[in-house]
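Asker: These are the residues of each chain, in order.
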Amino acid sequence: MLQLRFEERRGALVVTPLVRRLDAEVAPELRDVVGAAVAGRRLVVLSLGHVRVADASGLAALVAVLKRLPPGGELRLAEVAPRVAALLALTRLDEVFPTYEDASSAVPA
Amino acid sequence: MTPATRAAPAVDPYFVRFEGRQPHEPAVPDAVREFAFQALAALALVLGAWYLAWRWTASLNPDALAFSVVVAAAETLAYVGSVLFFLSIWRVVDPPTQPPPRTVNEVLGEPLEHDRPLRVDVLVTTYDEPVELVRLSVRDAKRLRYPHPLTLRVHVLDDGRRPEMRAMADEEGAGYLTRPSTVGFKAGNLRNGLEHTDGDLFVVCDADTRAMPALLEETLGYFRDPRVAWVQTPQWFYDVEPGTPLPEWLARRARLGRAGRAIGRAVERALGPIAVGADPLGTDPRAFYDVVQRRRNWCNAAFCCGAGSVHRRDAVMETALRGFAERVGAAVRPLAAQVKDPDLRAALSGAVAAQAARHVELTPYAFHVSEDIYTSVLLHGDERRRWRSVYHPRVLTRMLSPQDTLAWTTQRFKYASGTLDIALRANPLRLRGLTAWQKVMYGATMFAYLGPLWTVPLMIAPLVFFFGGVAPIRAFDVEFWAHLFPFLIASRLALLAGTWGVPTWRSEQYHLASWWLNLRALAHVIGRRPLRFAVTPKARASDRRALRLALPHVLLLGAMAIGIAVGALRLDGGAPPAEVTAYVANVFWTVHNAACLAPFVIAALGVRRREGAP
Chain U
458 MLQLRFEERR GALVVTPLVR RLDAEVAPEL RDVVGAAVAG RRLVVLSLGH VRVADASGLA
518 ALVAVLKRLP PGGELRLAEV APRVAALLAL TRLDEVFPTY EDASSAVPA
Chain V
52 MTPATRAAPA VDPYFVRFEG RQPHEPAVPD AVREFAFQAL AALALVLGAW YLAWRWTASL
112 NPDALAFSVV VAAAETLAYV GSVLFFLSIW RVVDPPTQPP PRTVNEVLGE PLEHDRPLRV
172 DVLVTTYDEP VELVRLSVRD AKRLRYPHPL TLRVHVLDDG RRPEMRAMAD EEGAGYLTRP
232 STVGFKAGNL RNGLEHTDGD LFVVCDADTR AMPALLEETL GYFRDPRVAW VQTPQWFYDV
292 EPGTPLPEWL ARRARLGRAG RAIGRAVERA LGPIAVGADP LGTDPRAFYD VVQRRRNWCN
352 AAFCCGAGSV HRRDAVMETA LRGFAERVGA AVRPLAAQVK DPDLRAALSG AVAAQAARHV
412 ELTPYAFHVS EDIYTSVLLH GDERRRWRSV YHPRVLTRML SPQDTLAWTT QRFKYASGTL
472 DIALRANPLR LRGLTAWQKV MYGATMFAYL GPLWTVPLMI APLVFFFGGV APIRAFDVEF
532 WAHLFPFLIA SRLALLAGTW GVPTWRSEQY HLASWWLNLR ALAHVIGRRP LRFAVTPKAR
592 ASDRRALRLA LPHVLLLGAM AIGIAVGALR LDGGAPPAEV TAYVANVFWT VHNAACLAPF
652 VIAALGVRRR EGAP
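Residue numbers (this note's numbering), protein chains in the order written: chain U, 458 to 566; chain V, 52 to 665.
Do not rely on the hints blindly, as some may be mistaken.
[Claimed, not checked] Selected chain V positions facing chain U (Cβ under 7 Å, derived; list incomplete):
1. A129
2. G132
3. R378
4. A405
5. E412
6. L413
[What the hints assert, rightly or not] Okay, the calculated bits of chain V under chain U, using three or more residues with CB under 8 Å as the criterion:
7. 238 to 248
8. 313 to 327
[Claimed, not checked] To spell it out: a stretch of chain U is covered by chain V in this simulated footprint if at least three of its residues, at any positions, have a beta carbon under 8 Å from a beta carbon of chain V; those stretches are:
9. 462 to 471
10. 479 to 491
11. 519 to 527
Simulated from the structure, these hints should not be mistaken for laboratory data. Keep in mind that this is a model prediction, so the values were computed, not measured. C-beta: ideal position from N, C-alpha, C; glycine also.
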């Protein structure tokens, strides 16, 4: 069971998955639950502070969430662990997802 | 329902009589034979080059120069095809077998903190196939053996969205997945399957792909190498007409008794096993798997064939993500480059990426009619990961063959247009990540589909001779034969040695008989007409439609017959010996071509394969 924390921060939706692995096992739920929550949001921040490792299916779920944003919406990543960052770079998704040090810096003041 | 009441599925059960059939074992590699093949092939290539050099410099007919050049060019292309073919079957190196992994960590490059049994999903894709046919596939998938604990889940991916299919999946204890649209056809269906499953590995099955119990046992060991992305097994059409062994046929059908049997055995000793009347539709893919795919293994170029294959989820997904990111990145980069301020640039990139991402598909299997070969090229060409493929030589799945020429044509047209489309728009030869040998292998595959460029001129050349009295060559004299025959003989022998134990005559026939459909595919792709994903029909077509398919062949055969007669009339009245030789040579070549085209016409005219079937 995937646990997620949702917060409002200055008009942005900050989602924090409370899992160590963002992988194929949690991907379907992440895609469905977060995908539904982002409807109509201009800015969504995924705060990955708990996530140590991700696999390609986990990142594919992030893409699915991105694709469900309304026109003009944006998905940012925060607190990306080194191994997750390495996979983002390997798949060149670092060009698709802007990454920030933490959730506060991802949300404009 | 109890198992007893649903033991007899209500499908047209013509294939039931093949149920007990066992697949052939792959030919045992033999170093001496392989060396003989390589020596003969090298000899043939040298002799062929020698012939062509002579052909271009000393044999063109000055009285019909344009015609001569067209035919010589066709011969040259045919030669290039032979070079590529021989190179592509140069050597057999089967992958070393590995014991089946016990846990997931044995197949991962980076182990999990908490190890666990492997998870394997079997994905059975279907669109309009009968429920009871799919039931057989599901049942067989549920019977897969494994020596260690394994989480095995079977899923029916039904693009037909049929309630009765869902009911069947429930009855059999399989998962049922469907989606609101059929976008991307099979590739889209598989994507939906992958989005809803979490197996470390997955097996791709078509609706009629029936796994044998040892499928996982024999193939999962290869995944111990974390770079192995997929394992392809041979596709075995277990319902293909086996034909009658030559000694048996000579003894009984030809009524030659013991003498016939002895002659048959002698011939088979020299040429390998021969079955008369086998595979009348030319559907048996054995030559492709046992010869072509198996010999792509050593240089990591065996490609995925869409069914009967096991895949590493992470490899497929990662390549999909890369393709997605590249396309989104291509939209973002030009805009981002105009912004100097880094913070502003990041913000802008994010916004543009989100916008672009809405229009780019994330597809584990490219939305392409030849999604299997396309994805193989992408994975092989991945410079950072260097993914490997394995071709496992033993048959571990069985499936049904196309049932008539319409089904055959549908399937082959799909292969041809798909491969040509890849050649034109995403040519593997341009991919930096592929090795030279991988490029030779993919190059040979693509080049073979250009076949009509040389087979059509070479089939028509004798007709021009018969009707117009014009030859593409100065003279069909001793010099001509002395240059051509050594090449022909050496390449026949090379082919015999290189494909020993695997029947190839039907493939040769149908390669030539595909001229019309390959020509259409070529025109289709060059004309940028959309490629449709047609489901290969599993039932027989009407006779009229089948006849229409064979019409170009019938016309060509008719022209050949009339041409031979017209040519004979021309000779009437003491023609010089040179003209007689020219006539004989052209008749010989035409008869060979007719023998290749005839089986297709006979099949289309509906020689019933399923005698006794209801």
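Asker: Does V:L413 hold up as a contact with chain U if the rule is Cβ-Cβ below 7 Å?
Answerer: holds, 5 Å
Asker: Under 8 Å between beta-carbons, do enough residues of the stretch 519 to 527 of chain U, three at least, approach chain V for the coverage claim to hold?
Answerer: holds (count 5)
Asker: Do at least three Cβ atoms from the stretch 462 to 471 of chain U come closer than 8 Å to Cβ atoms of chain V?
Answerer: As far as the stretch 462 to 471 of chain U goes, the hint is violated, because 0 residues have Cβ atoms under 8 Å from chain V.
Asker: Verify the interface restraint on V:R378: the C-beta must sit less than 7 Å from at least one C-beta of chain U.
Answerer: Interface hint status for V:R378: violated (10 Å vs cutoff 7 Å).
Asker: Can we keep the V:E412 interface hint, with Cβ of chain U closer than 7 Å?
Answerer: violated, 9 Å
Asker: Is the hint on V:A405 kept, meaning its closest Cβ partner in chain U is under 7 Å away?
Answerer: holds, 5 Å
Asker: Closer than 8 Å Cβ to Cβ for three or more residues is the test here. Does the stretch 479 to 491 of chain U pass it with chain V?
Answerer: holds (count 6)
Asker: Taking 8 Å as the C-beta cutoff, is the stated coverage of the stretch 313 to 327 of chain V by chain U satisfied by three or more residues?
Answerer: violated (count 0)
Asker: Report holds or violated for the interface hint on V:A129, using the least CB-CB distance to chain U and a cut-off of 7 Å.
Answerer: Not OK, violated: V:A129 not within 7 Å of chain U, min 43 Å.
Asker: Taking 8 Å as the C-beta cutoff, is the stated coverage of the stretch 238 to 248 of chain V by chain U satisfied by three or more residues?
Answerer: With 4 residues close enough to chain U, the hint holds.
Asker: Against chain U, with CB atoms and a cut of 7 Å, does the hint on V:G132 hold up?
Answerer: violated, 38 Å
Violated hints, listed in ascending order, are 1, 2, 3, 5, 8, 9; each of the other numbered hints is respected by the structure.
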